[in-house]
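With the hints as constraints, model all of the structure from the sequences given.
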Amino acid sequence: MMAILELENVEAHYGDLQALFGISLSLQKGSVHSVIGANGAGKSTLLKVIAGSMQPTAGRVIFNGQDLNKVSGFQRVKSGISLVPEGRRIFPSLTVEENVKVGAYAKRVGYWNTDTVRTLYPLIADRWSRLGFHCSGGELQMIAIARALMANPDLLLIDEASLGLAPIVVAQVYESLSQIVAQGTSVLLVEQNVSQALKASTTASVLLEGRAVLTGKSDELSHEAIKNAYFGIGVA
Amino acid sequence: MIWTNAILQGLLVGGLYALLASGLSLVFGVMRIVNLGHGDFSILAAYLVLIVAGHSNLWLGTIAVLPIMALLGYALQRSLLNRALSLGVLSPLLITFAFSIILQNALLKIFSSDTRSIQTESLGSASLKITESISVGYLPLITFFVGVILTLTLHVFLTRTQLGRAMRATSDDPTAAELIGINNRHIYGLATGIGLFAAGIAGILFGMRTQFSPSLGPVALIFAFEAVIIGGLGSLWGTLVGGIVLGIGQSIGAQINPAFGVLAGHLVFITILLFKPQGLLSKQRGT
Amino acid sequence: MSNVIKRSSKFTYFTIPVFVIILIGLYVLPSKLDFSYQIKFVDLFVLIIIATMWNLLAGFGGLVSVGQQAFIGIGAYSLVFFTDLKGQSVIVAMVCAVIFSGLVAIPLSFIVFRLKGGYFAIGTWVLAEIIKLIIVQIQSLGGGAGISLGAFAEIGRADRIKMVYLLALAVSVVILLGTFLLMRSRLGLALTAIRDDATAAGTLGVNVSLAQRTVFVVVAMGFAAAGSLIALTNLRVQPDDIFSVNYSAIMIFIVVVGGLGTIEGPILGAILFFFLQERLRDYGSIYLIILGVVAILSVLLAPRGLWGLITRDKVSLFPTRYFISKKREG
Chain A
13 MMAILELENV
23 EAHYGDLQAL
33 FGISLSLQKG
43 SVHSVIGANG
53 AGKSTLLKVI
63 AGSMQPTAGR
73 VIFNGQDLNK
83 VSGFQRVKSG
93 ISLVPEGRRI
103 FPSLTVEENV
113 KVGAYAKRVG
123 YWNTDTVRTL
133 YPLIADRWSR
143 LGFHCSGGEL
153 QMIAIARALM
163 ANPDLLLIDE
173 ASLGLAPIVV
183 AQVYESLSQI
193 VAQGTSVLLV
203 EQNVSQALKA
213 STTASVLLEG
223 RAVLTGKSDE
233 LSHEAIKNAY
243 FGIGVA
Chain B
353 MIWTNAILQG
363 LLVGGLYALL
373 ASGLSLVFGV
383 MRIVNLGHGD
393 FSILAAYLVL
403 IVAGHSNLWL
413 GTIAVLPIMA
423 LLGYALQRSL
433 LNRALSLGVL
443 SPLLITFAFS
453 IILQNALLKI
463 FSSDTRSIQT
473 ESLGSASLKI
483 TESISVGYLP
493 LITFFVGVIL
503 TLTLHVFLTR
513 TQLGRAMRAT
523 SDDPTAAELI
533 GINNRHIYGL
543 ATGIGLFAAG
553 IAGILFGMRT
563 QFSPSLGPVA
573 LIFAFEAVII
583 GGLGSLWGTL
593 VGGIVLGIGQ
603 SIGAQINPAF
613 GVLAGHLVFI
623 TILLFKPQGL
633 LSKQRGT
Chain C
84 MSNVIKRSSK
94 FTYFTIPVFV
104 IILIGLYVLP
114 SKLDFSYQIK
124 FVDLFVLIII
134 ATMWNLLAGF
144 GGLVSVGQQA
154 FIGIGAYSLV
164 FFTDLKGQSV
174 IVAMVCAVIF
184 SGLVAIPLSF
194 IVFRLKGGYF
204 AIGTWVLAEI
214 IKLIIVQIQS
224 LGGGAGISLG
234 AFAEIGRADR
244 IKMVYLLALA
254 VSVVILLGTF
264 LLMRSRLGLA
274 LTAIRDDATA
284 AGTLGVNVSL
294 AQRTVFVVVA
304 MGFAAAGSLI
314 ALTNLRVQPD
324 DIFSVNYSAI
334 MIFIVVVGGL
344 GTIEGPILGA
354 ILFFFLQERL
364 RDYGSIYLII
374 LGVVAILSVL
384 LAPRGLWGLI
394 TRDKVSLFPT
404 RYFISKKREG
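Chains as they are written, first to last, in our numbering: chain A, 13 to 248; chain B, 353 to 639; chain C, 84 to 413.
It should be emphasised that the hints constitute simulated quantities derived from the structure, not laboratory data.
Since the model is a prediction, treat every value here as computed from it, not as a measurement.
Heads up, the beta-carbon is just placed ideally off N, CA and C, and yes, glycines get one too.
Wrong hints could be hidden among the right ones.
Just some of the chain B residues that point at chain C, by a computed CB distance under 10 Å [said to hold, decoys possible]:
id	residue
1	Leu402
2	Leu432
3	Ile482
Output of the computed footprint for chain B on chain A, the stretches with three or more beta carbons under 8 Å from beta carbons of chain B [said to hold, decoys possible]:
id	region
4	87-100
5	114-127
Below, the structure is given as structure tokens:
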């Protein structure tokens, strides 16, 4: 199995503040990897570095065998990486339809188009002509994922998949993940909701203060180990 | 009858103002930049056509100059204004004001302050007789329709094309736009390119019907600006309506007293600003 | 060691004596120099005044205006009105002109504050044009041809220029000190907060619109003083000249190149511009083109202006901010 994404000792800074310390990671093609951790652990920073909205201060990001060093954020979409950002960031003055359609800007071919995303999320079809500004949290999340899918990414990054969402909506979102993976997209998921994350992913990492303190197969990680890693109990 | 004629003439002039204003409005809508040199760029186009037409013919001149204006807009945005955008709100304003000063004085230096006009053979003075006492010039009529068509085209472009959607998306949230593969710097360049293209059309049509000189740039800017405010920020059709209202206001004012025309327009503008500051057709966005 | 918050920088002990010395020198100048030089100084003082005022409005107040020539014109015409038509002495007339300009600025602010950002800038320009159009209708003020100042008819040229010189010097000092004190006051702090983030300032209890309006009115008065001085120097006021947008071009150039947001910047910029103007005066339009290009370069490459470049933000001759110094205990 090929690794679609490899991180080698990635470091990142916000000015003088170091947010990521030597993160190394390998994501297998066709799998789902979740990154768990408390607020401020560096999860969003990690996704930003992969998506290209932030430059790492050290280390390499290798996607499909290509070093992304000189590839800027918007170019990475064309290469096959799409990020669903924290806060969803739907364009408020565009309708749901327009939000979804503009997602295809990078013009990548694949399974996902306006029909298939509406099949994935019927709720979007209902809200098709509604302005982005008027949509609720759950709708926004689905629109955001649909928009990202329209670029037919090889790698989908989702930041805080379930934050602020009602449980029923969270369930729908997670259910859709398996269909997304089935169509050939690998997923990197950032989550605060540990149990959801583990259920949905093949592999997982726990970040603590910018370091990956625990990594492994989701079904092999014990609750105890995760808890300790998450809270930094007994971690050097 | 005199009044009907005045209103009609004002309506047609409004088309020109709308043409001038649409470029200004688009650039502001996409990146919150008010190009203080907008009027001067439209006058520049008129002068460029003069130069080209002097060597060949008029229509070739127009066809050549418009893409030049678009390219100029794109280049200026990508080289100077994009950098200014990241430096804060004052910077783009100061730079576009500098553009205005540079353009005016460059044109003054090259062409002097004598007024010129673009010769159009018969078109400039030909008119269409509508009734016994009312006739409209072909040129003002054409200008009006070009104004409407441009507004329509821009509207369709922004709402029905992928690039137009991308432009609106970038306007809403530049960071999120990058996340779906949009190159903001390029989009901003395109917006200014379109803006100057529209300014060029306005300038050329204006130059065909009136005498112009380098100092007319600021006047053009002021009229374009008043049209935008009267019509309402954020609304393309509003800009068209605003231009028409301004044109009619000036025309009626001039009918009362020839020296009063421009001032009447200003008064209409101030009245709207005081009593309906969001404009006649305002579409306040959901942000 | 504990931290102490001071309002003066280490240069203050240098600035005050130097400033006083320069002032004394300038005061004594007329008796030493020919009046043609005195006129040049008046020009320089006027440049410093309009630059300092524009900086107060834009650099400190965050309001970019390209229409302040409106108040220069109002000030000039008011001066002629109060001396020639109302028979007041020059100084009284100037005070009246300044106050009148401030009063006019109040209702104008209500109109123009409906606009924000770039549209506010054009709005002020429109206002200047409207005011010019209105004044040109008034025949008793000379209409389109302008009006001459008769107030000095009896005084000899040398005395007149010396008087204008001293007046200009006094006004400049008042304006500089006034701006300095204003920026050190609560209003100044409010302005800095508004400029950084108007919404946040509002939630902290700053009355944003009142603060901005106050600055707008104060600045209008400063420009009126400049306009009066121009009228006194030229002995003639012409609408196309006194309401020209070139004044805005000049004041913006001076502040941008000198250093936006500092009190020293406009002074430095004015001196620089003054020499440039002397050098390039003969080249006509070209010098304005050069100004424009230099301004663009300055905005992009030296956002803190010449003063910022030279001092690297470390020197503050007119400190308006707060400084933390470590003081030994005991």
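Hint check results:
For the restraint placing leucine 402 of chain B at the interface with chain C, the shortest Cβ-Cβ distance is roughly 18 Å, beyond the 10 Å limit, so the hint is violated. The interface hint given for leucine 432 of chain B is met, as the beta carbon of that residue sits about 7 Å from the closest beta carbon of chain C, less than 10 Å. Because the smallest distance between the Cβ of isoleucine 482 of chain B and any Cβ of chain C comes to about 33 Å, over 10 Å, the interface hint for this residue is violated. Against chain B, the region 87-100 of chain A contributes 6 residues with a C-beta closer than 8 Å to a partner C-beta. That satisfies the three-residue criterion, and the hint holds.
Coverage of the region 114-127 of chain A by chain B holds [criterion: at least 3 residues with CB-CB distance below 8 Å; count 5].
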